[in-house]
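The whole structure should be built from the sequences, with the hints applied where relevant.
Keeping their order, the protein sequence lines are chains A and B. Residues 32 to 699 (my numbering) make up the first sequence, in order. Residues 2 to 541 (my numbering) make up the second sequence, in order.
Calculated from the structure, these hints are not laboratory results. Treat the hints with care, as some may be off.
Covered stretches of chain A, as calculated for chain B (at least 3 residues, CB under 8 Å) [said to hold, decoys possible]:
# : segment
1 : 503 to 517
2 : 529 to 535
Label pairs and their in silico Cβ distance ranges [what the hints assert, rightly or not]:
# : chain 1 : residue 1 : chain 2 : residue 2 : range
3 : B       : A46       : A       : D598      : 31 to 39 Å
4 : B       : R165      : A       : A516      : 34 to 42 Å
5 : B       : G313      : A       : D70       : 50 to 58 Å
6 : A       : V609      : B       : R31       : 50 to 58 Å
7 : A       : G413      : B       : N534      : 41 to 49 Å
8 : A       : G413      : B       : R165      : 54 to 62 Å
9 : A       : G608      : B       : D15       : 50 to 58 Å
Calculated Cβ distances over 12 Å to all of chain B for the following chain A residues [claimed, not checked]:
#  : residue
10 : Y170
11 : S178
12 : A395
13 : A521
14 : D522
15 : A649
Note that beta-carbon positions come from the ideal geometry of N, C-alpha and C, so glycine has one too.
What follows is the residue order along each chain.
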Amino acid sequence: MPMPTPFDRVLIANRGEIAVRVIRSCRALGLSTVAVYSDADREALHVRLAGQALHLGAAPAAESYLRGDRIIEAALTSGAQAIHPGYGFLSENAAFARAVQAAGLIFIGPDPESIAAMGDKSAAKVRMLRAGVPCIPGYQGDDQSDSLLLAQAQEHGFPVMIKAAAGGGGRGMRLVRDPEHFQRALASARSEAANAFGDGRVLLEKALVGARHVEIQVFGDRLGHLVHLGERDCSIQRRNQKIVEEAPSPAVDTELRARMGAAAVAAARAVDYVGAGTIEFMLTGTGEFYFLEMNTRLQVEHAVTEMLFDLDLVEWQLRIARGEPLPLTQSELDARRHGYAIEVRLCSEDPAAEFQPQTGGVLAWAPAIGPDMRVDHGLTEGQPIGPHYDSLQAKLIARGATREDARRTLLAMLGDTLLLGVPTNQHFLAEIIASDEFASGDFSTDFIGRQLAAPAGGPTPASPLHGALVAVLLHHLDTRALHTATGLCADLLGWQSTPATPGRMRLNCGESALACAIETRGAGAFVVTVDNGTGTGSFAIRIIALERNRLEAIVDGNRRVAHFARDADQLWLRHAGVTSAWRDRSYQPAGERDRTVEGRLRAPMDGRIIAVHCAAGAVVRKGQVLVVLEAMKMQFQLVAPSDGQVETVACAPGQQVKARHVLAEIRA
Amino acid sequence: MTALDSTIDTASPDFARNRAEMLACLAEVRSVEEKLRETEGEKAAQFRKRGQLLPRERVALMLDRGSPFLEICALAGYRQHDDKDGSLAGGNVIAGIGYVRGVRCMLNASNSAIKGGTLTPWGMRKILRMQEIALAQKLPMVSMIESGGANLNYQAEVFIEGGRVFANQAALSAAGIPQITVVHGSSTAGGAYMPGLSDYVVMVRNQAKVFLAGPPLLKAATGEIANEEDLGGAEMHARIAGTAEFIAEDDADGIRIAREIVASLDWNRAVPPPATGVAEPLFAADELCGVVPVHYSLPYDCREVIARIVDGSEFLDFKSEYDTQTICGRARIHGLAVGIVANNGPITVHGAAKAGQFLQLCDQADIALIFLMNTTGFMVGTEAEQGGMVKHGSKLIQAVANVRVPRITVVIGASFGAGNYGMCGRGFGPDFIFAWPNARTAVMGGEQAAKVMDIVGRERFARTGTAPSPQEEAQLVAMSAGIVAQFDRESHPLAATARLFDDGLIDPRDTRRVLGYTLSICREARARTLKGNSFGVARF
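Right under this line is the structure:
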């Protein structure tokens, strides 16, 4: 084991909020920082904040943030002596860690052997069983034949979880409820795993229904000390990825914490763990816990733990990488923990469309600010949000003396935070945090599945009031543009010499279409009638103030504030906790159909084709998977919109496609 | 410049009475406008069913959001021909000046919600006036056509003179003023030449019908049996005949295309920079209704009006000591320099000379003229006649007719006799002329005319030395009353605007806006060099 050497310059091999986060801790320790970036991140916040920044390559991660060779080269060029991998990308890549060390640099994380030991989920499970750590019953053998896997699944009983042996982060993971769906799920898990980790092997685990996801933060130093910092409850997940994390867990008491902590430390010790790591467990309703996997890196949700201990865990990573001992002992830590913290992940995704990642741009960004509030992000206004990286845009973390205090503060943060220009899960998160079930603390990993079944998120409601505000904003902004362009005297704007005819506007918000009639009643005052198809509403709206992204208006006697941003074809509005994107369709033919119903299969977003399962002439059934698209590190199965015959296939594996590109045409 | 002061007490009973009376006059005009819109609204369901917009909705959609819209001759033909009760005013045409994609345009929409948009004699004259303005002010003409053609009840009145509409279209094209026409519905027979003579034609699919003879007439004429789409549908014109450059899916789409055509003209290349730092008048425009007595017989100082119209209420009073009945002076409106001529009474010998000189000075300095007309005419009497009233009046009329600067007239009260000429009435071809709802326009006042006729009648008895019998006396009285009634009716602002004596009746409180807007239109026109040609652009 090479002895650590001191370093004063750190290269952060990551992007987004975690890169920003690491840069901050480095600075606090007086270390200079080096950022790396892809074509897509030239103007990104982490690039601006770092002492220097080096270009890696094109936007796709495979050509930039996954290019270990270029990252090491960048470190050598820039004079960095250590590399912090963040999370994701190369953070759990043993080969990269080895290459970093081989280049004479320090890898801020565990030793490559530890990563490798835990990286192979099957081998890790065997090792854990040997170390006496409880594991979920399942299959983690080398025989990967379909028939054996199916037999194993049947032996342990459905539902069963298929997991990528090499993976983590929910990728390559499939829950299979019955044998009929096993083959398809297996194939797609394998392909996703192969894509994400370069290793298509899978393991099987009996799915624990109604269990919670509880993980233990551990830390080890090079002197052989290992401590745990208690648990985080990450039971609220979508697509097997966490979106709400909290500590302490409502289901863990001091005694259980001590037992789980001891098991986690034992697990870490079994792989000679150094640095920050997390042991993930499934915790059943009856208090049994099973080892799931170990993440050999800093977690996204580490901030929850930091809030409980008033600690900077990145600082700990850096100190341990310098060879220093752990700053605190287990008993010191146990004495230090206090209060509650909850984190939500603000993601550019559409909860109403199976959480599909969304692209766009940051037109307005104003995180909530206040005591007991923390927002970690890498956003700057004006930056695009492309299809290449994870949809996580910001983490909102709230702290409180009680869980309820933290919950209320977080709810306020979700209300106050403004992100316009890309669809997000903000409203969905607010509904989760506001729900009685979440408030009760009594829930498990099937929370979101059940919430969605009882449509909680649902499509963004196109309320008449919101439509009226949008109509007023469009009218006002266009009027202002006319004023600027023509230099017309202000008293002529909106003036007509004879009784005016209300301006008709047709607005689209998601699937809903609104017809508005807007009448000017003096400068900045309007009466808007809105018909949203189910009813009409009329609003008297007077603009009080309109600056940058903020509209203040009197609506039917009530003072209201809305935030907005406009790009080339959409107006984004946030009002009363709901963000919606609106298109002005006033000049579009009324009968124009939505093209998705034409029997054309279109790319839902920018991405890369990874599989094409049909050929021209093939007869397909509605719902049959025709094309698999990878975008934002996720696989989207694009299914036939109807029964029919494939007329043309206009894409091929490996091809990069843009959103709305026609991939195939099906004649019904 | 010195700011005008106001001596008006806005709390006085006179002010309140003036205001109430003026608002009543305005309400009468507005009620006609509203009635027209109601009549149009009755057709809403029918238009919706066809997937169409009402004509006024087309205009609203064509206009930029927040654009001003100065309607032109809104009540043309009021109570004329088929319009028995005023509910069909406007000549079945909607006209006005507004912005389309940032370009100031003349908008012309068939009012197909009224009698299918058939052309009445006054509607035809309104179109001629629109074309006249478009030509003089170099405004692209954007038309939204859906018309059943000429109203056959009055074919004799529209047939020959209506040819001028087409001649003007050719002239506009030749002058370098683009005409963009969206055909929203029928435009047949002679009407087919409206799109035919336009430079850009957009036709709405399944709605536009442009042919010389429809199926019935065709069958009658030649025996051929054909359907409307083959004879003149949008697709036929776009694909085969080539009459249409663009095909639209519906009204909104057609309007979108027309807007894009306007945007593509790059028409604002040579627009002069807008005036900046414009000061509002010191006195509120809203007070105008209370400042002015509705009846022309009650005198007031027209500077009270000027103070509520011009920038900062600043007015350079020209030769104020020389004549006190005709007021002349320089000011700015919306930052644009103007010379104002206004009346405090009849035009005297001195007044005519003063105004004539002032007009020439404005012409010399190339400053636009505003006439605020409120005069019972030129001064009469031995003194005036011997002082050369006819001679000096003629000088003024010559100057009014021949100045080369923009002239904009607002009839704010009386417009009687030669006063109408001396203050640039319609006959003198002002660039624009509008009237307040209290305006009175006639060869002379009704009472005056009645008195003249009464005197003439009685003189007949005097010559024969007889006295009128009680019956004859009653006839004389009835004749007087009849003349007063006739003059009242004919000099009424609605009657005047019906006959296109003006370009429209305006709210007195909008006067500054109307003047500022039309001044900038004139200014822009004079700054623009058109690229004309000899024959107009031919569609090949």
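Comparing the hints with the structure gives:
A stretch counts as covered by a chain when three or more of its residues have a beta carbon under 8 Å from one of that chain; for the segment 503 to 517 of chain A and chain B the count is 10, and the coverage holds. Coverage of the segment 529 to 535 of chain A by chain B holds. Counting CB-CB distances below 8 Å, 7 residues qualify, and the rule asks for three or more. Taking the beta carbon of each, B:A46 and A:D598 are about 38 Å apart, inside 31 to 39 Å as hinted. Distance hint check: the CB atoms of B:R165 and A:A516 are about 35 Å apart, consistent with the given range 34 to 42 Å.
Between B:G313 and A:D70 the Cβ separation comes to about 57 Å, which falls inside the hinted range of 50 to 58 Å. In this structure the hint that A:V609 and B:R31 lie 50 to 58 Å apart at CB is violated, the actual value being about 41 Å. Remark: the range hint 41 to 49 Å for A:G413 to B:N534 is upheld by a beta-carbon distance near 48 Å. At about 57 Å, the beta-carbon gap between A:G413 and B:R165 stays in the expected band of 54 to 62 Å.
Here the CB-CB span from A:G608 to B:D15 is close to 57 Å, well matched to the stated 50 to 58 Å. At roughly 60 Å from the closest C-beta of chain B, the C-beta of A:Y170 stays outside 12 Å, upholding its exclusion from the interface. Its beta-carbon lying about 57 Å from the closest one in chain B, A:S178 satisfies the requirement of being farther than 12 Å from that chain. Every beta carbon of chain B lies more than 12 Å from that of A:A395, the smallest distance being close to 22 Å; the non-interface claim holds.
Not every beta carbon of chain B lies more than 12 Å from that of A:A521, the smallest distance being close to 9 Å; the non-interface claim is violated. For A:D522, the non-interface assignment is contradicted: its Cβ lies about 6 Å from the closest Cβ of chain B, within the 12 Å cut-off. Chain B leaves A:A649 outside its interface by the beta-carbon criterion, the shortest separation being 34 Å against a cut-off of 12 Å.
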